[in-house]
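Residue numbers (my numbering), protein chains in the order written: chain A, 43 to 330; chain B, 43 to 330; chain C, 43 to 330; chain D, 43 to 330.
Everything labelled a hint here was simulated from the structure, so no lab data went into it.
This one's a predicted model, so the numbers in the text were calculated from it and none came from an experiment.
Wrong hints could be hidden among the right ones.
[Unchecked claim] As a list, the in silico DSBU-like pairs of lysine-lysine whose alpha-carbon atoms are at most 30 Å apart:
1. K122/C - K200/C
2. K313/D - K122/D
3. K122/D - K142/D
4. K122/D - K298/B
5. K289/D - K298/A
6. K289/A - K74/C
7. K249/B - K271/B
8. K318/C - K108/C
9. K122/D - K312/D
10. K108/B - K142/B
11. K312/B - K122/D
12. K325/C - K313/B
13. K122/B - K108/B
14. K313/A - K74/C
15. K200/C - K271/C
16. K271/B - K289/B
17. K120/C - K313/A
18. K289/D - K318/C
19. K108/B - K47/B
20. K325/A - K313/A
21. K74/B - K313/A
22. K325/A - K289/D
23. K120/C - K108/C
24. K325/C - K298/D
25. K325/B - K318/A
26. K120/A - K289/B
27. K249/A - K313/C
[What the hints assert, rightly or not] Over the 12 Å line for every Cβ pair with chain D, so calculated as not near, a few chain A residues:
28. L63
29. E65
30. I77
31. R86
Glycine included, C-beta positions come from ideal geometry on N, C-alpha and C.
4 protein chains.
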Amino acid sequence: MQTNKNTAQLLLHCPDRPGILAEVTNFITINKGNILHLSQYVDRVDNIFFMRIEWQLDDFFIPREKIYDYFNTLYAQKYKMSFELHFGDEPPRIAIFVSKMSHCLYDMLARYSAGEWDCEIPFIISNHEDMRQVADRFGIPYYVFPITKENKAEMEEKEMELLREHGITTIILARYMQIISDRMIEAYPNRIINIHHSFLPAFIGAKPYHQAYERGVKIIGATSHYVTKELDAGPIIEQDVVRITHKDTLEDLVMKGKDLEKIVLSRAVKKDIEHKILVYNNKTVIFS
Amino acid sequence: MQTNKNTAQLLLHCPDRPGILAEVTNFITINKGNILHLSQYVDRVDNIFFMRIEWQLDDFFIPREKIYDYFNTLYAQKYKMSFELHFGDEPPRIAIFVSKMSHCLYDMLARYSAGEWDCEIPFIISNHEDMRQVADRFGIPYYVFPITKENKAEMEEKEMELLREHGITTIILARYMQIISDRMIEAYPNRIINIHHSFLPAFIGAKPYHQAYERGVKIIGATSHYVTKELDAGPIIEQDVVRITHKDTLEDLVMKGKDLEKIVLSRAVKKDIEHKILVYNNKTVIFS
Amino acid sequence: MQTNKNTAQLLLHCPDRPGILAEVTNFITINKGNILHLSQYVDRVDNIFFMRIEWQLDDFFIPREKIYDYFNTLYAQKYKMSFELHFGDEPPRIAIFVSKMSHCLYDMLARYSAGEWDCEIPFIISNHEDMRQVADRFGIPYYVFPITKENKAEMEEKEMELLREHGITTIILARYMQIISDRMIEAYPNRIINIHHSFLPAFIGAKPYHQAYERGVKIIGATSHYVTKELDAGPIIEQDVVRITHKDTLEDLVMKGKDLEKIVLSRAVKKDIEHKILVYNNKTVIFS
Amino acid sequence: MQTNKNTAQLLLHCPDRPGILAEVTNFITINKGNILHLSQYVDRVDNIFFMRIEWQLDDFFIPREKIYDYFNTLYAQKYKMSFELHFGDEPPRIAIFVSKMSHCLYDMLARYSAGEWDCEIPFIISNHEDMRQVADRFGIPYYVFPITKENKAEMEEKEMELLREHGITTIILARYMQIISDRMIEAYPNRIINIHHSFLPAFIGAKPYHQAYERGVKIIGATSHYVTKELDAGPIIEQDVVRITHKDTLEDLVMKGKDLEKIVLSRAVKKDIEHKILVYNNKTVIFS
Numbered sequence: 043m044q045t046n047k048n049t050a051q052l053l054l055h056c057p058d059r060p061g062i063l064a065e066v067t068n069f070i071t072i073n074k075g076n077i078l079h080l081s082q083y084v085d086r087v088d089n090i091f092f093m094r095i096e097w098q099l100d101d102f103f104i105p106r107e108k109i110y111d112y113f114n115t116l117y118a119q120k121y122k123m124s125f126e127l128h129f130g131d132e133p134p135r136i137a138i139f140v141s142k143m144s145h146c147l148y149d150m151l152a153r154y155s156a157g158e159w160d161c162e163i164p165f166i167i168s169n170h171e172d173m174r175q176v177a178d179r180f181g182i183p184y185y186v187f188p189i190t191k192e193n194k195a196e197m198e199e200k201e202m203e204l205l206r207e208h209g210i211t212t213i214i215l216a217r218y219m220q221i222i223s224d225r226m227i228e229a230y231p232n233r234i235i236n237i238h239h240s241f242l243p244a245f246i247g248a249k250p251y252h253q254a255y256e257r258g259v260k261i262i263g264a265t266s267h268y269v270t271k272e273l274d275a276g277p278i279i280e281q282d283v284v285r286i287t288h289k290d291t292l293e294d295l296v297m298k299g300k301d302l303e304k305i306v307l308s309r310a311v312k313k314d315i316e317h318k319i320l321v322y323n324n325k326t327v328i329f330s
Numbered sequence: 043m044q045t046n047k048n049t050a051q052l053l054l055h056c057p058d059r060p061g062i063l064a065e066v067t068n069f070i071t072i073n074k075g076n077i078l079h080l081s082q083y084v085d086r087v088d089n090i091f092f093m094r095i096e097w098q099l100d101d102f103f104i105p106r107e108k109i110y111d112y113f114n115t116l117y118a119q120k121y122k123m124s125f126e127l128h129f130g131d132e133p134p135r136i137a138i139f140v141s142k143m144s145h146c147l148y149d150m151l152a153r154y155s156a157g158e159w160d161c162e163i164p165f166i167i168s169n170h171e172d173m174r175q176v177a178d179r180f181g182i183p184y185y186v187f188p189i190t191k192e193n194k195a196e197m198e199e200k201e202m203e204l205l206r207e208h209g210i211t212t213i214i215l216a217r218y219m220q221i222i223s224d225r226m227i228e229a230y231p232n233r234i235i236n237i238h239h240s241f242l243p244a245f246i247g248a249k250p251y252h253q254a255y256e257r258g259v260k261i262i263g264a265t266s267h268y269v270t271k272e273l274d275a276g277p278i279i280e281q282d283v284v285r286i287t288h289k290d291t292l293e294d295l296v297m298k299g300k301d302l303e304k305i306v307l308s309r310a311v312k313k314d315i316e317h318k319i320l321v322y323n324n325k326t327v328i329f330s
Numbered sequence: 043m044q045t046n047k048n049t050a051q052l053l054l055h056c057p058d059r060p061g062i063l064a065e066v067t068n069f070i071t072i073n074k075g076n077i078l079h080l081s082q083y084v085d086r087v088d089n090i091f092f093m094r095i096e097w098q099l100d101d102f103f104i105p106r107e108k109i110y111d112y113f114n115t116l117y118a119q120k121y122k123m124s125f126e127l128h129f130g131d132e133p134p135r136i137a138i139f140v141s142k143m144s145h146c147l148y149d150m151l152a153r154y155s156a157g158e159w160d161c162e163i164p165f166i167i168s169n170h171e172d173m174r175q176v177a178d179r180f181g182i183p184y185y186v187f188p189i190t191k192e193n194k195a196e197m198e199e200k201e202m203e204l205l206r207e208h209g210i211t212t213i214i215l216a217r218y219m220q221i222i223s224d225r226m227i228e229a230y231p232n233r234i235i236n237i238h239h240s241f242l243p244a245f246i247g248a249k250p251y252h253q254a255y256e257r258g259v260k261i262i263g264a265t266s267h268y269v270t271k272e273l274d275a276g277p278i279i280e281q282d283v284v285r286i287t288h289k290d291t292l293e294d295l296v297m298k299g300k301d302l303e304k305i306v307l308s309r310a311v312k313k314d315i316e317h318k319i320l321v322y323n324n325k326t327v328i329f330s
Numbered sequence: 043m044q045t046n047k048n049t050a051q052l053l054l055h056c057p058d059r060p061g062i063l064a065e066v067t068n069f070i071t072i073n074k075g076n077i078l079h080l081s082q083y084v085d086r087v088d089n090i091f092f093m094r095i096e097w098q099l100d101d102f103f104i105p106r107e108k109i110y111d112y113f114n115t116l117y118a119q120k121y122k123m124s125f126e127l128h129f130g131d132e133p134p135r136i137a138i139f140v141s142k143m144s145h146c147l148y149d150m151l152a153r154y155s156a157g158e159w160d161c162e163i164p165f166i167i168s169n170h171e172d173m174r175q176v177a178d179r180f181g182i183p184y185y186v187f188p189i190t191k192e193n194k195a196e197m198e199e200k201e202m203e204l205l206r207e208h209g210i211t212t213i214i215l216a217r218y219m220q221i222i223s224d225r226m227i228e229a230y231p232n233r234i235i236n237i238h239h240s241f242l243p244a245f246i247g248a249k250p251y252h253q254a255y256e257r258g259v260k261i262i263g264a265t266s267h268y269v270t271k272e273l274d275a276g277p278i279i280e281q282d283v284v285r286i287t288h289k290d291t292l293e294d295l296v297m298k299g300k301d302l303e304k305i306v307l308s309r310a311v312k313k314d315i316e317h318k319i320l321v322y323n324n325k326t327v328i329f330s
């Protein structure tokens, strides 16, 4: 565990050109930033340069509130970069959305509670009362928005108000059984993480375990991805699978799948919390 | 390796009723058959009983040419069974179909050549000359049927003649890049094994690695299945996957996929050679 | 989920002889027991017959309190069987032992709490106060026995008293960092399940992640096993692994390992709760 | 597949200091080398900087025969680097050592033959005649050195003569059942790749599948590693595993293991051929 959190994390991508890496590292080094991590990757097909760099701010010349501007002016415009800047002492603020299943929720709260994740979870949102007891156990506020076809727009508006009030940066759909409206997706672009209980793009949509059982597959999977407007088609963050046999009933699939879902979702959330994911072209670049 | 091949293998399925297992084992035991392997499984959803039993024929009272009739009359009709009977000293006769890729072909011929598989491979069929050298290295006849849109029916007719002449029981499509016509599929029901280079039902059809690369999946797979009239939709025998990252190019996917394909295909072929697969309802029951 | 729990489960093994399967199934059928599940397996090397059979007791002729005796007299002695008999409405009573780590504990309590496991967990035992808060959250009594070298025998005596009082049938060591004494192991033969954070038999003993890191392995694992007197050498129930690279620090190994540990332990506990494990010759036969 | 092979590959490691990356990339860029691939990694525990860089030589100012000297003088001494330099048009020259098993040999020759590997395999060495037929099929010379306890030193001397004559750079032990003497290991430091048929460090030494079977593990593995003087203790390059059950006999383990062995060995060889492996402190850093 890193104790000094006075750090900055910069993620960027841009058309590849010689010298980018040297310029960016130079920028940090000459301003007395101590580089802690550096990962870069070049997509040779599309010729895109990707980079993540993390440095200590203790002796950094540039005041933290001006780093974004400086970097933008000096480098981002020159190289046509898209970039994000994060600070180690400003952890993500996460809202968890759930419906009626507890396995992903317990897994996340257990990690949060044990200090595995450097984030804040100010509250949990649900369309049902069922998970209130779990929230209570961990002392986290639980808000119910009983969405129906009729009131969806209105309810989502209230949800978004709550999200804004609490400065939520990230939404986790922990088996939340409601389609998120385009409006909310637009407000949180690549900031909503979903877990889909299949090996996408197989078994898109409802009841993937039923579909898998019907098809007679020998392996089932789970997929965590950022939510985009097209259903189950957003950038994939993490996937994993488990082997099944003809002896496994639909209930066995559901049970085995639950273990996959919670691990796959939590891996994705961890990477996101650590700002190690870059989205480009509906795909993710995941830094180690 | 089993040296005494004077054995019979019986595979059956039927509506589940009490006493089937006892009757079938009794039938063998009282006729002095020595049971070597017995596996049974009941699908509790559809209430179907599945069974595979293998026994030594050395002291078996019923002459081998009459076992089928006896069993059919005494039990199959009573219990509405579907069943197959195989003999250990009558190994499957396999025709391999290839196009231009060698990895599955080499893998299969290496196993065959090393005595891993108890089968005969009388010849290889292709629509191209490319793999002739591989066939030559292993001393296996190689027939080219240069299929075009125009001559497809005629060519397949010749292929089927060759298959019949040599008493072929099983066809392996080892990355054979031609759609098999319905007529041939009907002649070899659940007797044609294909390897598809994706984790079915994801990426059905052409260029699955391209599709996987475009979609940005984190895991790729391969699937072996029996060929049915619907493309890539037959009963799945075996699947496996390998993890990839954003760093993997399309070429990397193809390369990693090749290793999957050959292993997954060979596992399926082995199970088929050993008569350990029962097909029911477009799914496979695979005995261990 | 099975709602009618008026069932019996019989697990047995004995030297293989013809007719055992038929006799046992007969015993149940003629006494009007409705067989729900049947698995059998023959170890052809040592010639041992293994069987698990589960049946409904609703119309069973033999009163449940006499089944053990009847079966013992009629079959077990004749066939030199070892056997266990369990009833579906008498779930296992589990004591969890923990030290300072919460991941396995949370995972187990979340499953228990969600009704995934058909068992009772009357209390948690620890040698430290650290996990009391977790126990409190789930409303489960938490007893601390602060074991030292000096007081170990005395403390374990008290623990065993508590175990006896509550009719504990199964002990789970959920990363409990104390060696269990021979006396307690003798009192709970194959009834204590441990999770070891390595792919046994690699990295036996203390600090397996340190050992794995030092050795430079490319895969780490976790192993759940029944505790026997020889350290980390008991019958293995379940193992799983995860891939690592040179980039993974010791902390990364610990973090990735935690996810393995909890899943591997919970899979083992589930199999044990369902009475699907038979131990023979320091190995496990695991029925599906 | 890369068609222009007029490239250089530089692998290096040294104590980490600011500016190394910039200096090395600068060295190549200002001399008009076109960088194709760059991977770097810093071990933050031991503070070691690792790097692999590949560039095109077409317009490179420094003549290829002088690159080593220049780099050594200008940078390696300054930064206390260990480094290797390879050229894309000077592929590794591999000698394969085998005994009696064909699966790894076939797998490697099939890949070599299909052009998957950019290397030369001038000959195969064995202590038995058994694999001559396989070598013949691929038209590769096959030399037998029938090693006994008495003649070992003398035979190895002849082997090394042959290796030197043919400019062999890399030795692959493809299930070669002889201990390599210290003398030969010293002559080929981290240049001999072995496949061990277990998940090292479990089951070191002879008959690992027997050991695995006896121990009752639920997963078996294979490990490829560079050979050092301590048995099965060299730097691990690649490992993989496959799940087994109590039903798997020793023969099943051997059979499933073979598929692991050949894939794991071939993955290691491929990484070695591409000069993507750096050895440090008895561990490997593997560049992607």
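> Which of the numbered hints above does this structure break?
Replying inline: Hints 1, 3, 4, 10, 11, 14, 16, 17, 21, 22, 25, 28, 29, 30, 31 are the ones this structure does not satisfy, whereas the remaining hints hold.
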